[in-house]
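Visitor: Chains A and B supply the protein sequences, listed in that same order. The end of the first sequence is residue 290 by the numbering used here, with every number in the run present. The end of the second sequence is residue 364 by the numbering used here, with every number in the run present.
Hints were generated in silico from the structure; no laboratory data involved. Keep in mind that this is a model prediction, so the values were computed, not measured. Just so it is clear, CB atoms sit at the ideal spot from N, CA and C, and this is done for glycine as well. Some clues are possibly wrong.
What the hints assert, rightly or not - Per label pair, the in silico range of CB-to-CB distance:
1) Arg76(B) - Pro139(A): 32 to 40 Å
2) Phe77(A) - Arg97(B): 42 to 50 Å
3) Phe112(A) - Asn161(B): 55 to 63 Å
4) Asp6(A) - Lys319(B): 38 to 46 Å
5) Arg76(B) - Phe112(A): 49 to 57 Å
What the hints assert, rightly or not - Only some residues are given here: those of chain A computed to face chain B with a beta carbon under 7 Å:
6) Leu10
7) Ala82
8) Gly114
9) Ala116
10) Thr152
11) Leu197
12) Val204
13) Val206
14) Asp208
15) Pro254
16) Leu257
17) Gln259
18) Asn289
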Amino acid sequence: MGTIFDIAFLMATLRAATPLIIAALGGIFAERSGVINLALEGKMLTGAFAAVVVSYYTSNPWLGVLAAVLTAAGMAFIYAVASIKYRANQVVSGVAINMLAAGLTVFLVQVFFGTAGMSPAVTRLPNLGPFTPIVYLAPLLVGMSFLILYRTPWGLRIRAVGEHPKAAATVGISVINVRYACVVISGMLAGLAGAHLSIGTLSVFVRDMTAGRGFVALAAMIFGKWHPLGALGAALLFGFSEALQMRLQGGGIPSQLIQAVPYIFTMIVLAGFVGRATAPAALGEPFRNE
Amino acid sequence: MQKRNTKLLVAAVVALVLIVALVFVLPGMLREPEPAPVAFRVGVVLSVGGRGDYSFNDAAIAGLEKARAELGIEFRYQEPREVPQMEEFHRLFAQERMDLIIGIGFLQNAAITKVAAEFPLQKFAVVDTVIDLPNVKSMVFREHEGSFLAGALAAMLTTTNNVGFVGGMQIPLIARFEKGFAQGVEHVNRLRNKGVVVQSAYIGTTGAAFRDPVRGKELALAQIARGADIIYHAAGGSGRGVFEAASEKGVKAIGVDSNQNWVKPGNIIASMLKRVDVAVFNAVKATKEGAFVAGVSSFGVKEGGVGLTDLAAVTDVEKAALKNDAAQIEKIQQMKNAIPADVRQLIVDLTAQIADGRIVVRSE
Numbered sequence: 001m002g003t004i005f006d007i008a009f010l011m012a013t014l015r016a017a018t019p020l021i022i023a024a025l026g027g028i029f030a031e032r033s034g035v036i037n038l039a040l041e042g043k044m045l046t047g048a049f050a051a052v053v054v055s056y057y058t059s060n061p062w063l064g065v066l067a068a069v070l071t072a073a074g075m076a077f078i079y080a081v082a083s084i085k086y087r088a089n090q091v092v093s094g095v096a097i098n099m100l101a102a103g104l105t106v107f108l109v110q111v112f113f114g115t116a117g118m119s120p121a122v123t124r125l126p127n128l129g130p131f132t133p134i135v136y137l138a139p140l141l142v143g144m145s146f147l148i149l150y151r152t153p154w155g156l157r158i159r160a161v162g163e164h165p166k167a168a169a170t171v172g173i174s175v176i177n178v179r180y181a182c183v184v185i186s187g188m189l190a191g192l193a194g195a196h197l198s199i200g201t202l203s204v205f206v207r208d209m210t211a212g213r214g215f216v217a218l219a220a221m222i223f224g225k226w227h228p229l230g231a232l233g234a235a236l237l238f239g240f241s242e243a244l245q246m247r248l249q250g251g252g253i254p255s256q257l258i259q260a261v262p263y264i265f266t267m268i269v270l271a272g273f274v275g276r277a278t279a280p281a282a283l284g285e286p287f288r289n290e
Numbered sequence: 001m002q003k004r005n006t007k008l009l010v011a012a013v014v015a016l017v018l019i020v021a022l023v024f025v026l027p028g029m030l031r032e033p034e035p036a037p038v039a040f041r042v043g044v045v046l047s048v049g050g051r052g053d054y055s056f057n058d059a060a061i062a063g064l065e066k067a068r069a070e071l072g073i074e075f076r077y078q079e080p081r082e083v084p085q086m087e088e089f090h091r092l093f094a095q096e097r098m099d100l101i102i103g104i105g106f107l108q109n110a111a112i113t114k115v116a117a118e119f120p121l122q123k124f125a126v127v128d129t130v131i132d133l134p135n136v137k138s139m140v141f142r143e144h145e146g147s148f149l150a151g152a153l154a155a156m157l158t159t160t161n162n163v164g165f166v167g168g169m170q171i172p173l174i175a176r177f178e179k180g181f182a183q184g185v186e187h188v189n190r191l192r193n194k195g196v197v198v199q200s201a202y203i204g205t206t207g208a209a210f211r212d213p214v215r216g217k218e219l220a221l222a223q224i225a226r227g228a229d230i231i232y233h234a235a236g237g238s239g240r241g242v243f244e245a246a247s248e249k250g251v252k253a254i255g256v257d258s259n260q261n262w263v264k265p266g267n268i269i270a271s272m273l274k275r276v277d278v279a280v281f282n283a284v285k286a287t288k289e290g291a292f293v294a295g296v297s298s299f300g301v302k303e304g305g306v307g308l309t310d311l312a313a314v315t316d317v318e319k320a321a322l323k324n325d326a327a328q329i330e331k332i333q334q335m336k337n338a339i340p341a342d343v344r345q346l347i348v349d350l351t352a353q354i355a356d357g358r359i360v361v362r363s364e
């Protein structure tokens, strides 16, 4: 068992954590502005799919990444219109986006590739050293998000809109515009996370391939108290337990126990170290200009 | 005023529902049964993996397409996203009075058990699980026998004396693949005095385990890092990740269920075929000829229900899947040429020995 914690293990941790980090940042932007973001999973899936389609037709995975970001942003915009403009229930419309993404991608796989449920192999992102470039991008994005949210006037506005939209509106901040921008940014980040899965780690799209990672990212966001650095820590922890779970398999420990490792980790840390996580005060409340 | 409005609304809704029921449902109930359509109709409820798993759902559809071409049947299929939907799809087909309803996959058990009891005259067939009802034909495979051959092949070809198994969802069905594979390796260890070890890993404990290629790849990479140079998967769509890991690290993989050798030409030495297509075709044919028999039919090596893909020649299936791309076909051919003749002979011998019972492969 002494050989478990080696360089390969560290690499597996980072690979598993990367999509969680990026998607969790997306969650933070939306929720800090007061919009619940249950749709991360669907936006990741959309991004993963768009990346594969564009990489397939252009053989350029970078264009694939761009397409993932833009398509998921488009998906997020639909969600923004529903939840901000029409003040739809944000939980319901988030779930609707997830279902739409799951169904639409399966349908479009058929349209684009003539196969069902799985794409052919496409050109994937080249490795930069041991990782795909998106892995290196993740900590940069964490730093940028931190600076934007806590060191710029625009970040202050985002937080104000999420905590007390009426007060923000009275000092002349457009609550609606800030929320639109944040939800679209969240879509872009989720799309990038999806592209990491489909053309970073793999070179293929498989239906529902995000396999719940959008929800794990959501947990990382809450776990990290809606703070970029906290989310980074939480995502790394989830990545760590995922990698650990895989390494431990076949080592004589009952595998059901091993597969519970990520959840046990979450419980321990939530109960023991994190303390109360407080959501932005106006989270989930549609804003009405009066 | 507010209260009265609400009451009025409720009354209106109830009235509307009743009217709709009268207009649409009652005539349907009172109408004489429609004359049976000319064609023999089959309804298929696939497993949650859905079409395009390059695996048993696709195999089932292939069997039905063959039946349509050769027997002139009609078929419709449903792809449930989740297990709870299966029951509704079966009931839907039963209400349409399909001549045969087929459920693919062990996850169908509860749904068919319930619906088959509701419609005792409706004929059902189910793949991969056993349902003890007088109107259900259960078709199961002895995957451990085919996996034994895969294990023997891997043990013969490994140069690191280390092979891997990646399973999808952790259930007895998938464990059969693992156990058979391990017994095949053990058999070669005894026969050839080798010391090949098997690493095993599972992707998860829910149906999503068959659709998580990211995790499939990570598990395969971990096994390769610990020395495995041939990895056998029984993980549905997640197996694509295993193939990606194998081709990235330049090691070999063994596919499962359908012929997957073309997915990464040159990296997949063989696939363990599970002929769901044959089982489905036979069930349709027998039922159409009035010879539907409830009970369990088991398909193993002896029945041609499981086995390895051709180890010498590139097959038509592989050529067609590669759209006759000569360069890719050449890669597969070279890989097959690299398999020593005595290994091929051993697989032939073992196949015969399993078929006539000289080797008994345990399922657990």
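Visitor: Verify the interface restraint on Leu257(A): the C-beta must sit less than 7 Å from at least one C-beta of chain B.
Guide: Since the shortest Cβ distance to chain B is 11 Å, the answer is violated.
Visitor: Please check whether Ala82(A) passes as an interface residue: C-beta within 7 Å of a C-beta belonging to chain B.
Guide: violated (22 Å)
Visitor: Hey, does the Pro254(A) contact hint survive, CB to chain B under 7 Å?
Guide: violated (10 Å)
Visitor: Tell me if the interface restraint on Gln259(A) is satisfied: Cβ within less than 7 Å of some Cβ in chain B.
Guide: holds (6 Å)
Visitor: Does the nearest C-beta of chain B fall within a distance shorter than 7 Å of the C-beta of Leu10(A)?
Guide: With a closest approach of 12 Å, the Leu10(A) hint is violated.
Visitor: Tell me if Leu197(A) is really an interface residue toward chain B, meaning its C-beta lies closer than 7 Å to one of theirs.
Guide: At about 6 Å, which falls below the 7 Å cut-off, the nearest Cβ of chain B leaves the hint on Leu197(A) intact, so it holds.
Visitor: For the hint on Val206(A), does the least C-beta distance to chain B fall short of 7 Å?
Guide: holds (5 Å)
Visitor: Tell me if the interface restraint on Thr152(A) is satisfied: Cβ within less than 7 Å of some Cβ in chain B.
Guide: violated (34 Å)
Visitor: Does the beta carbon distance between Arg76(B) and Phe112(A) stay inside 49 to 57 Å, or does it fall outside?
Guide: violated (24 Å)
Visitor: Kindly confirm whether 42 to 50 Å is satisfied by the beta carbon distance between Phe77(A) and Arg97(B).
Guide: holds (46 Å)
Visitor: Does the Cβ pair Phe112(A), Asn161(B) satisfy 55 to 63 Å?
Guide: With a Cβ separation near 43 Å, Phe112(A) and Asn161(B) fall outside 55 to 63 Å, so the hint is violated.
Visitor: Val204(A) was flagged as interface toward chain B. Is the shortest Cβ-Cβ separation under 7 Å?
Guide: holds (5 Å)
Checked against the numbered hints listed earlier, the structure breaks hints 1, 3, 5, 6, 7, 8, 10, 15, 16, 18; every other hint is satisfied.
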